[in-house]
Structure formats: C-alpha cells, structure tokens
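Asker: Sequence:
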Amino acid sequence: METIRLTTAQALVKFLNAQYVRFDEEEHPFVDGIFTVFGHGNVLGIGQALAEDRGHLRVYQGRNEQGMAHAAMAYAKQHHRKRIIACTASVGPGSANMVTAAATATANEIPLLLFPGDVFATRQPDPVLQQIEQTYNPTISTNNAFQSVSKYWDRINRPEQLMSAMLNAMRVLTCVESTGAVVISLPQDVQGEAGDYPISFFDKRVHTIERRMPTPEAIEQAVQTLKKHKKPLLVVGGGVRYSRAEKSVLDFAKKYNIPITETQAGKGAISSNELLNLGGVGVTGNLCANKAAKEADIIIGVGTRFNDFTTGSKSLFADKKVLTINASTFHANKLDAVAIVADAKRGIEALSDALNEFQTSNEHIKALKEEWLTERIRLANSKVSDNFVPEIAGHLDEALKDYEKSLNTQLTQTSVVVRLNELLHPTSIITSASGSLPGDLQRLWQTTEPYTYHMEYGYSCMGYEIAAALGVKLAEPEKEVYALVGDGSFLMLHSELVTSLQEKKKINIVLFDNAGFGCINNLQMENGMPSFKTEFRYRDEQLDDTVGDVIAIDYAKVGEGYGLKTFRVTTLEELESAIEEAKKSSISTLIDIKVLPKTMTAGYEAWWHVGVAEVAKSEAIVEVYQEQQRNLQQARKY
Numbered sequence: 023m024e025t026i027r028l029t030t031a032q033a034l035v036k037f038l039n040a041q042y043v044r045f046d047e048e049e050h051p052f053v054d055g056i057f058t059v060f061g062h063g064n065v066l067g068i069g070q071a072l073a074e075d076r077g078h079l080r081v082y083q084g085r086n087e088q089g090m091a092h093a094a095m096a097y098a099k100q101h102h103r104k105r106i107i108a109c110t111a112s113v114g115p116g117s118a119n120m121v122t123a124a125a126t127a128t129a130n131e132i133p134l135l136l137f138p139g140d141v142f143a144t145r146q147p148d149p150v151l152q153q154i155e156q157t158y159n160p161t162i163s164t165n166n167a168f169q170s171v172s173k174y175w176d177r178i179n180r181p182e183q184l185m186s187a188m189l190n191a192m193r194v195l196t197c198v199e200s201t202g203a204v205v206i207s208l209p210q211d212v213q214g215e216a217g218d219y220p221i222s223f224f225d226k227r228v229h230t231i232e233r234r235m236p237t238p239e240a241i242e243q244a245v246q247t248l249k250k251h252k253k254p255l256l257v258v259g260g261g262v263r264y265s266r267a268e269k270s271v272l273d274f275a276k277k278y279n280i281p282i283t284e285t286q287a288g289k290g291a292i293s294s295n296e297l298l299n300l301g302g303v304g305v306t307g308n309l310c311a312n313k314a315a316k317e318a319d320i321i322i323g324v325g326t327r328f329n330d331f332t333t334g335s336k337s338l339f340a341d342k343k344v345l346t347i348n349a350s351t352f353h354a355n356k357l358d359a360v361a362i363v364a365d366a367k368r369g370i371e372a373l374s375d376a377l378n379e380f381q382t383s384n385e386h387i388k389a390l391k392e393e394w395l396t397e398r399i400r401l402a403n404s405k406v407s408d409n410f411v412p413e414i415a416g417h418l419d420e421a422l423k424d425y426e427k428s429l430n431t432q433l434t435q436t437s438v439v440v441r442l443n444e445l446l447h448p449t450s451i452i453t454s455a456s457g458s459l460p461g462d463l464q465r466l467w468q469t470t471e472p473y474t475y476h477m478e479y480g481y482s483c484m485g486y487e488i489a490a491a492l493g494v495k496l497a498e499p500e501k502e503v504y505a506l507v508g509d510g511s512f513l514m515l516h517s518e519l520v521t522s523l524q525e526k527k528k529i530n531i532v533l534f535d536n537a538g539f540g541c542i543n544n545l546q547m548e549n550g551m552p553s554f555k556t557e558f559r560y561r562d563e564q565l566d567d568t569v570g571d572v573i574a575i576d577y578a579k580v581g582e583g584y585g586l587k588t589f590r591v592t593t594l595e596e597l598e599s600a601i602e603e604a605k606k607s608s609i610s611t612l613i614d615i616k617v618l619p620k621t622m623t624a625g626y627e628a629w630w631h632v633g634v635a636e637v638a639k640s641e642a643i644v645e646v647y648q649e650q651q652r653n654l655q656q657a658r659k660y
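Residues 23 to 660, numbered by my numbering, are exactly what the sequence shown covers, in order.
Honestly, the hints are just simulated from the structure, not real lab data.
One or more of the hints may lead you astray.
[Said to hold, decoys possible] Listed below are the simulated DSSO-like cross-link pairs for lysine-lysine, each with C-alpha atoms no more than 30 Å apart in a straight line:
1) K356 x K316
2) K606 x K526
3) K526 x K104
4) K606 x K501
5) K342 x K659
6) K527 x K36
7) K555 x K427
8) K316 x K659
9) K606 x K528
10) K313 x K342
[Stated by the list, open to error] Quick list of simulated restraints, FRET-style, between CB atoms:
11) E182 x Y660: 44 to 50 Å
12) V637 x E471: 47 to 53 Å
13) E379 x V81: 54 to 60 Å
14) E471 x G77: 31 to 37 Å
15) E182 x P499: 36 to 42 Å
16) F352 x Q656: 43 to 49 Å
17) S599 x S293: 38 to 44 Å
18) R561 x D148: 40 to 46 Å
Note that the structure is predicted; figures quoted are calculated from it, not measured.
Glycine included, C-beta positions come from ideal geometry on N, C-alpha and C.
Generate coordinates for the entire structure from the input sequences, incorporating the hints supplied.
Answerer: Encoded structure:
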C-alpha cells in the first residue's frame, strides 16, 4: 500500500480538500474554507499545515470563536446544508467559546465542523497552560463539554485515528436525518506528530446526499387519513428549504386549496404574496395563521420539528390529527403523527399524486389574510403598542417619557420593521435570532424572493445575528445582507464586524436600541412580576437597585471606532435616508435606531408554557400560575 508521511494536521487539511457533495446531479466541494482564531493549542499544528499547503480552502481570521462558528453555521444554512466552512480554535477557553455555537448548530440541525485544540495526549507537560485538571479522571479536558451538544465527537490521540474519525465526521455532516455539530478534538502534540497515511485516504470522495423516498404503505395510510378530513393546514418547516421543495409544496397547496403556514425556519420558502400563504404560525405567529390552525381538523407538517413556539406548547394543535413528512424518523413521529418518513420534495409529490380527488373546505382563507393585513397596517402606524396586559400598560405610561428623553425618539419597533421591509430590495437577505425581533419579523416581514429570511430560532441564540450576516455574505456575496439585532444581542457579540471589514464583505447592521432586554421584560411583566433587571438603567445607590436613569449608549460611535459607516436614526425620515446611503456604501454599515420599549407585537391567540412560581407573595403571580395550569390541562400531552 502506497503511503505518504504527513503530520496529523497536514493530513487533515489534505483530506478536507478532497471532500465533495452531490445533490440532484450537482457536484461541488463540500468544505470551502476554515475560520481560525490561533493560539498555542493550534497555531503550530493546524496553523502550520494551512500556511504550508491549504489547497482550495479559504482561510478566514475570526475575532471570537463563538462568532466565527456562528458565521460558519450561517454559511452552511444559506447553502441549504450543502457547503460548509470548518473552524479551528486553541486549547481551553478558545475551544470552550465554540460550545454555544455547537449547540446552536445541533439544535437547528445545521452541519458545523469544529477542530478545537486540546491538551497534550502524552500528558508529559501536565498541567499545561489553560488545562483543567480533574482529580478523578485525567482524560477529561475542556473539550468534553462538547459531547452534550454535538452529533459526533471524537478525540485524536494517535495520527492514524484521524482516518476513521474524519470518515465518520463526513457521514454525520452529510446526513439529512441527523446532522449538526461535529467536533474533532486535536491535542496540540498530536497535531504535529507524523504518520504514514495511505494515498487512497486522500482520493476524491463524493458524498451523495440522497432524497429518501416514501414507502407506498406510508403514502396509502396518509391518503386514507386525509380523506377523513375537510380542513387541512400545512405547516412548512426548514426541511422544505433544505430539500428545495418550495415549488412542490406550493403546487400541492394550490391543487387542493390548502392554506400554508410557516415556522421560523420555513419562512421565506414560499412568497408572502401567495394567497394561500397565511404566514407565521404559533407563539410568534400572526392572527390569521393561528386562527386557521384552530379551525383546521388536520395538520400537515412538512420538514418541521414542531417545537413549542410552532405548536403553542402543544395547545394550538391539541385536538388535531397530525400528518408529517420528514426525512427524520424522530421528527416524523412527533405528536403521534401519521408519518411519511421521506425527503420533503419526494414525500409531498407522492402524496399529491396519490390523493387525486381530495376535496377541502377552506373558503375563508382570503378573509383571514385580509384581516391580518389590516392589522399589519395598524401596527405600521401605531404610536405605542396597545396589545399588552394592564400591568405592562401601567408601567408603559410612567416609563415612556423617561425613554423618550433618554433615547430622544418616538419611533415604534413595529413601524420601523414594516418601513424597513418596504425600503430594502426584495433580494436583500435579513438575519436575526433572538429577543422580540423574531416575533415581529415572522409576523410583519413580507418575503417575495426565496431564502431572503435567515432566522436562527431553534436555539434562540443571542449574538448570532451579526456573525450570521457575515456567513450569509460569504455564501451570497452579490446580495445585500442586513443583520436585524437588538441592543442586548449587539452587546453580547459583534466582533465579526471586524472580519467583515478585513474580508471586504459588506454587511449592514440594523440595531434596534430600546435600552434593555425588552422581550424578557415583557415576559416577566406579563406573568405578574415587576420590571426587574431587564432594563438598562443606572444603579440608584439610595435604593441599592438598578432603577435610575436609562443608560443612553451611542452605538453609532462604536461602529465608527471599528471603521464602519454609521447612522443615527430617531425618525422614519432619518431611517429612509440612512438605508439609501447604506446601499451606496462599499464598507459595512451600522444604523443605530432608537425605538421605544413596549412597541413590538404581542401574542395572537397562542399560548407559551413557561415556568411560573407556584407560591409567591404576589397575587398576580399566583393567578398567572393558576392560568398556566388551566392552559396545560387543555394542551396536547403527547
């Protein structure tokens, strides 16, 4: 057997260059590049290998390990899970920083390949810098923390172990049913150790991503189930996107006059202008979609995981029959569903052909949609949201003048979202992830071009938004990309702004500053609590609490310090001017928009099950707990 002598790291880089993906007769490299933050745990191993011969891999310099891994995740998602950028970090805290990103990728089932550096396999220098010593088990390092958030985990203690580990890594990364984070821990000494690798290990490998076909038995069972119902409702999830099944789903809906609703991951697959598309469903869903869900007698979930926001904590579909089409056996069988375990495109096409003369009764779809569009107009022009419970409304009256003075604005979040939607080119891509913006965007944002809505809501990870914008821009450099982010998330993580400048990949940060964690402030107050540690206020020393003046931060100056083109916005006119100027900019931009708190959308007939104190001094909290228990009794149990 012919061999070549390489270090473990050199063999790894050579192997990554030889991996290809085939999907629907289209073939291309699978690994396009690698993000790095170098430290002593990887710079002389993987760093040396990349510097010597990186092949076609594009090497990107990250600023924060979590941020660069989020960018890599967004890149893979925008490529429908068919192309990836790997990530390498140093030992200890550098590796630990990627744990959150690994969890985010696994929760969203997006392929993410991570190479964290590790302590010495020989243990001779122990304890090395940044090593955690466990007295009961010397084999444990920081990287063991990845095991609970990964779909595949391995540690390479000998050069020859790399071969089986990487073949398994590729298996999981290209698995439609169960992909996510893949973590290959690389001790810093092993990275530089040499081994004799078979030349055949570096042959071009083409990983075919196959469309799983439905069985005739599953289709027949689904047909017989559907024919017993008259008011079906489609729930379109992220699997429709990754299967590129959007046309097939729309054709099915039109053929049988079935209304369409969307999850956060599925939104944007089908144009908002389609009459049958009622928009987002569930806790962050809109009025017409949630009304349609309550009126339906069977739910058809296509490529969705049915998380608690989609199902209203299992209350929205409590008494409904459920039929699913999903490539994952695990997800397909949720909610005691009649399951078609299949690729979304092949499954919906087979079901459509088999149904034949299926009749539905959904004459009121147009009226439902018109009702919601009227509500959208109201939200676009509202001064202050009036959708909140009395406890919040009372707080709002006393707080508004304080915020108006500190932020120097009267802008509402809903009016800004709708106006932004009008101002951005239809092909522009938006990214977002957490706080109140996902609810406003799922309800109010209208998409006409496919896959211009990029939302991470499987893990609701603060700090994903800006890094994701970089990843999306790397995936689609010809399009304008806008990160819609709250001030809380901006403060969590925005370091990859610098990478966007370095790579000359222009992204636009649209920052909604309401001086606090507004979404969680709503949650606590809606559930009987006073406002507590969720607004950004100075500490009042006499009261020994953070109830002083609102902290006014000039985020535009932060952007200026990095070298971005920045704008300050407190009126819709200033917003319009800023967007037009940002479009002309050749460098990344930051638009600092001051918005009043409590001016986002609220819930529309969907319940969310959160933990509430059973015993409390506050009667309001006790009443909320009792209401939660009543709702829980009405929710689906399995």
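Asker: Given the hint of 36 to 42 Å, check if E182 and P499 actually sit that far apart at their C-beta atoms.
Answerer: 39 Å, holds
Asker: Could you say whether the range 31 to 37 Å given as a hint is met by the Cβ separation of E471 and G77?
Answerer: 34 Å, holds
Asker: Given the proposed pairing of K555 with K427, does the C-alpha separation stay at or below 30 Å?
Answerer: Distance ~20 Å between K555 and K427 Cα, so the pair holds.
Asker: CA of K356 to CA of K316, is that 30 Å or under?
Answerer: Roughly 19 Å between the alpha carbons, so the hint for K356 and K316 holds.
Asker: Given the hinted pair K313 and K342, is their Cα-Cα distance within 30 Å?
Answerer: Roughly 14 Å separates the two Cα atoms, so the pair holds.
Asker: Between K342 and K659, is the straight-line Cα distance small enough, at 30 Å or below?
Answerer: Holds - the C-alpha atoms of K659 and K342 are around 12 Å apart, at most 30 Å.
Asker: Note whether the CB distance of E379 and V81 lies within 54 to 60 Å or breaks it.
Answerer: 58 Å, holds
Asker: Are F352 and Q656 spaced within 43 to 49 Å by their CB atoms?
Answerer: At 26 Å between Cβs, range violated.
Asker: So does V637 sit 47 to 53 Å from E471, Cβ to Cβ?
Answerer: The hint (47 to 53 Å, Cβ to Cβ) holds, given that V637 and E471 are roughly 52 Å apart.
Asker: For R561 and D148, compare the CB-CB distance with the range 40 to 46 Å and indicate the outcome.
Answerer: Since the Cβ atoms of R561 and D148 sit about 44 Å apart, the hinted range of 40 to 46 Å holds.
Asker: Given the proposed pairing of K606 with K528, does the C-alpha separation stay at or below 30 Å?
Answerer: Holds. K606 to K528 sits at ~11 Å (cutoff 30 Å).
Asker: Against the 30 Å threshold, does the CA-CA distance of K526 and K104 hold or violate the hint?
Answerer: Between K526 and K104 the Cα gap is close to 24 Å, so the pair holds against 30 Å.
When the structure is compared with the earlier hints, violations turn up for hints 16, 17 and for no others.
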